[in-house]
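Enquirer: With the sequences and hints as input, model every part of the structure.
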Amino acid sequence: MNTPNNIILLVDGLKKYFPVRRGFFQRITDWVKAVDGVNLHIERGKTIGLVGESGCGKTTVARLILKLLELDEGKIIFKGIDISDLTEKEVKPHRKEMQVVFQDPFGSLNPRMAIGTSIEEGLRILGVQNSRSREERLAELLKMVGMSPDCADRYPHEFSGGQRQRIGIARALSVEPSLVICDEPVSALDVSIQAQIINLLKDLQDQLGISYLFISHDLNVVGYLCNTIYVMYKGRIVESAPAEALFENPCHPYTKSLLSAIPDPKPREKKEVKFQEGDFSDSTEPSSGCNFQKRCSIGEPRCEKEDITLEKVGEEHFVRCWNVSDNNF
Numbered sequence: 003m004n005t006p007n008n009i010i011l012l013v014d015g016l017k018k019y020f021p022v023r024r025g026f027f028q029r030i031t032d033w034v035k036a037v038d039g040v041n042l043h044i045e046r047g048k049t050i051g052l053v054g055e056s057g058c059g060k061t062t063v064a065r066l067i068l069k070l071l072e073l074d075e076g077k078i079i080f081k082g083i084d085i086s087d088l089t090e091k092e093v094k095p096h097r098k099e100m101q102v103v104f105q106d107p108f109g110s111l112n113p114r115m116a117i118g119t120s121i122e123e124g125l126r127i128l129g130v131q132n133s134r135s136r137e138e139r140l141a142e143l144l145k146m147v148g149m150s151p152d153c154a155d156r157y158p159h160e161f162s163g164g165q166r167q168r169i170g171i172a173r174a175l176s177v178e179p180s181l182v183i184c185d186e187p188v189s190a191l192d193v194s195i196q197a198q199i200i201n202l203l204k205d206l207q208d209q210l211g212i213s214y215l216f217i218s219h220d221l222n223v224v225g226y227l228c229n230t231i232y233v234m235y236k237g238r239i240v241e242s243a244p245a246e247a248l249f250e251n252p253c254h255p256y257t258k259s260l261l262s263a264i265p266d267p268k269p270r271e272k273k274e275v276k277f278q279e280g281d282f283s284d285s286t287e288p289s290s291g292c293n294f295q296k297r298c299s300i301g302e303p304r305c306e307k308e309d310i311t312l313e314k315v316g317e318e319h320f321v322r323c324w325n326v327s328d329n330n331f
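Numbering follows this note's numbering, with no gaps: position 263 of the sequence shown is 265.
Honestly, the hints are just simulated from the structure, not real lab data. Predicted model only: the values in this text are computed from it and were never measured.
Calculated pairs, DSSO-like style, for lysine-lysine (alpha carbon to alpha carbon, straight line, at most 30 Å):
| id | residue 1 | residue 2 |
| --- | --- | --- |
| 1 | Lys145 | Lys204 |
| 2 | Lys145 | Lys94 |
| 3 | Lys258 | Lys314 |
| 4 | Lys81 | Lys98 |
| 5 | Lys17 | Lys91 |
| 6 | Lys81 | Lys17 |
| 7 | Lys17 | Lys77 |
| 8 | Lys94 | Lys48 |
| 9 | Lys258 | Lys204 |
| 10 | Lys77 | Lys204 |
| 11 | Lys77 | Lys98 |
Label pairs and their in silico Cβ distance ranges:
| id | residue 1 | residue 2 | range |
| --- | --- | --- | --- |
| 12 | Ser262 | Lys204 | 24 to 32 Å |
| 13 | Phe27 | Ile310 | 35 to 43 Å |
| 14 | Arg23 | Thr89 | 26 to 34 Å |
Beta carbons: idealized from backbone N, C-alpha and C, even for Gly.
Expert: The structure is reproduced here in structure tokens:
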């Protein structure tokens with residue numbers, strides 16, 4: 003599959019189903035469609051956001067891209083190379099180009115290892131044997147994320163949550179990746195610290211030209227950092243658009259529900275409420291049709307029987323909804 007030079011990552015038709023086993027013999031009785039035909043792409047030096055409620059499949063998408071899980075169907079094209087079916091040995095040369103920053107800045111660091119050793123680990127794997135070169139690179143990385151090189155001999159428990167996340171970012175950057183996947187990297191931090199980490203990520207992108215896949219459930223953060231936003235629900239992308247267009251003209255009822263849940267900085271001012279008042283008590287997977295049908299207040303009979311693909315409704319704006327043409331949510 004040919005990809006434009008400005009596209010660093012192209013995901014096409016990604017699927018991952020997990021079996022549901024029941025009974026004494028643990029027979030497969032059903033399948034959980036964790037990722038069900040996801041398409042997305044990331045341009046070089048840009049950031050895309052992947053948002054949705056817990057359990058919608060965001061992290062599974064990240065693990066598939068990183069080849070930490072084997073996909074069932076689909077293609078992953080990274081820097082023009084199809085890595086979908088590569089073995090562990092074959093994908094190893096590409097791993098340094100794709101790194102990850104985890105949600106828990108403490109759990110992702112070895113508590114028995116000094117932070118300098120943790121950051122240098124990637125350099126050793128890459129074959130940088132010269133200790134002087136590793137020390138110089140370590141000092142450079144710590145300064146890059148706003149920390150002193152003198153911290154290298156200290157342990158994770160000696161740092162705050164924000165500092166530990168800076169260490170995690172430095173470790174991800176140690177091997178000079180082209181793409182960094184940020185899996186809810188600020189959700190465990192205080193609001194003031196969140197702003198510092200987000201600004202750090204933006205500065206590093208401007209400085210190094212790296213691309214981000216930013217996974218979050220916080221639309222305020224995603225709207226500030228990302229160029230394009232993909233909204234995910236039960237394993238499917240239900241809407242994608244440039245960040246500004248998504249906030250100004252959300253089309254899918256689920257997207258509108260997410261935006262309506264954002265805390266209002268001026269609660270005393272009247273505003274139009276767009277929250278969908280469907281049946282949110284039943285979140286089971288429908289057997290056919292739209293997977294949002296049981297929670298949607300504007301559903302039609304065909305939503306229960308017929309599936310729909312993402313339809314273009316504007317410049318780079320796509321929505322998975324039968325009623326999108328009416329625009330009367």
